[in-house]
Amino acid sequence: MAGKPKLHYFNGRGRMESIRWLLAAAGVEFEEKCMKTREDLEKLRKDGVLMFQQVPMVEIDGMKLVQTRAIFNYIADKHNLYGKDIKERALIDMYTEGIVDLNELILTRPFLPPEEQEAKLAQIKDKAKNRYFPAFEKVLKSHGQDYLVGNKLSKADILLVELLYNVEELNPGATASFPLLQALKTRISNLPTVKKFLQPGSQRNPPDDEKCREEAKIIFH
Amino acid sequence: MAGKPKLHYFNGRGRMESIRWLLAAAGVEFEEKFIETREDWDRIRKDGSLMYQQVPMVEIDGMKLVQTRAIINYIANKHNLYGKDMKERALIDMYVEGVADLNEMTIVFPVHPPGVKETKLSEIKDKAKNRYFPAFEKVLKSHGQDYLVGNKLSKADILLVELLYNVEELDPSAIASFPQLQALKTRISNLPTVKKFLQPGSQRNPPDDEKCREEAKIIFH
Chain A
1 MAGKPKLHYF NGRGRMESIR WLLAAAGVEF EEKCMKTRED LEKLRKDGVL
51 MFQQVPMVEI DGMKLVQTRA IFNYIADKHN LYGKDIKERA LIDMYTEGIV
101 DLNELILTRP FLPPEEQEAK LAQIKDKAKN RYFPAFEKVL KSHGQDYLVG
151 NKLSKADILL VELLYNVEEL NPGATASFPL LQALKTRISN LPTVKKFLQP
201 GSQRNPPDDE KCREEAKIIF H
Chain B
1 MAGKPKLHYF NGRGRMESIR WLLAAAGVEF EEKFIETRED WDRIRKDGSL
51 MYQQVPMVEI DGMKLVQTRA IINYIANKHN LYGKDMKERA LIDMYVEGVA
101 DLNEMTIVFP VHPPGVKETK LSEIKDKAKN RYFPAFEKVL KSHGQDYLVG
151 NKLSKADILL VELLYNVEEL DPSAIASFPQ LQALKTRISN LPTVKKFLQP
201 GSQRNPPDDE KCREEAKIIF H
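If you read the sequences in order, they're chains A and B.
In case it helps, UniProt numbering puts the first sequence at residues 1 to 221.
In case it helps, UniProt numbering puts the second sequence at residues 1 to 221.
Here are the simulated EDC-like cross-link-like pairs (lysine to aspartate or glutamate), alpha carbons at most 16 Å apart as the crow flies:
#1 B:K78 <-> A:E88
#2 B:K138 <-> A:D47
#3 B:K64 <-> A:E88
#4 A:K138 <-> B:D47
#5 A:K6 <-> A:E32
#6 B:K87 <-> A:E59
#7 B:K78 <-> A:D85
#8 A:K78 <-> B:E88
FYI, nobody ran anything at the bench for these hints, they're computed from the structure.
Just so it is clear, the structure is predicted and the values come from calculations on it, not from any experiment.
Extracted from the complex, chain A is given alone in its bound form:
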């Protein structure tokens, strides 16, 4: 009954990349409909398929879902990546929200005017090193298990590992003093579905760059 999920976005990481990671990690095949021009966005808006006139939008199981967190949460629910009870869900959400806060700085940076990007990079490095990475290292240390919550893979592990890759792209030694984060990154990267996603030819996008910024400007402004 349900076909493959269909992702509507422009051709870059932006806010859709975390969704791609989650679907890929869950072993779900998906299609992408890339917007290339202002007209493409206007058409989607006129069709009435974007509840708040924004993307990401994912067509999945008969729904046209917008809002990144609504999409993640549905995928996590559907694929048993959301813990076993409401307290585990609360921890998973608390960890995910911290990840999202740091990832937000990273994903918006390419779209800032070039002169602001340096300061933003310093902020990212500082927050990663002094606020977020210590918090997650502490969680893993506290229970010594392979996953952040309930000894089982959840959206928190997948999104944290995506974040680690993102930060390392900007700052190669970023996880050097966080052995448990390094171990988590290795473990998650070796899951067959994630391994496949990390290989060339997958639907994973290269880092957003100047070209992306220009394209996004055309479509969104």
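Based on these hints, arrange chain B on the given structure of chain A.
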């Protein structure tokens, strides 16, 4: 076993107010520990209670939860305000995320310097009138039911009604052309728990103002 939830925040609406609304609507009594001075702030950060060194933080059922959405979701799950299945959860999340996007603008509004406030106010009015209110009016119209999702009260209804009150404080005629939203606001306001919360003497905070801004500056900077 579980005492009352304990809310840690400064004495203002900020990011805690939505949590107060939800707890109140669910009929849950709660305590508040206000951060009033720089010393209070330094102490709570030093004692390791804040996963990311930030508030809101809510002590609930043995957890010290931070991150507004994690807290909101736990309360919603615990008090049956999150729909009956995954698809209803997805709709509820999608709606709540839209509400949160507009509410974010009203939360930070008091913090802007006077010159910037004028522009921000126009933005809030425009987004409310042209993007968010029509979207929710359309949902209610589409099924004609008393609540946004599944004919049952959820976090989406409560948080949307909070938003309507917030926008009306800035723009009194904001929902004049949205009859379904007006009806929802009336219905939710008449629920016994919400009615009580809306009366003087409840834990509801007055709008954040200049004084709030100064206090927050002292504590957080």
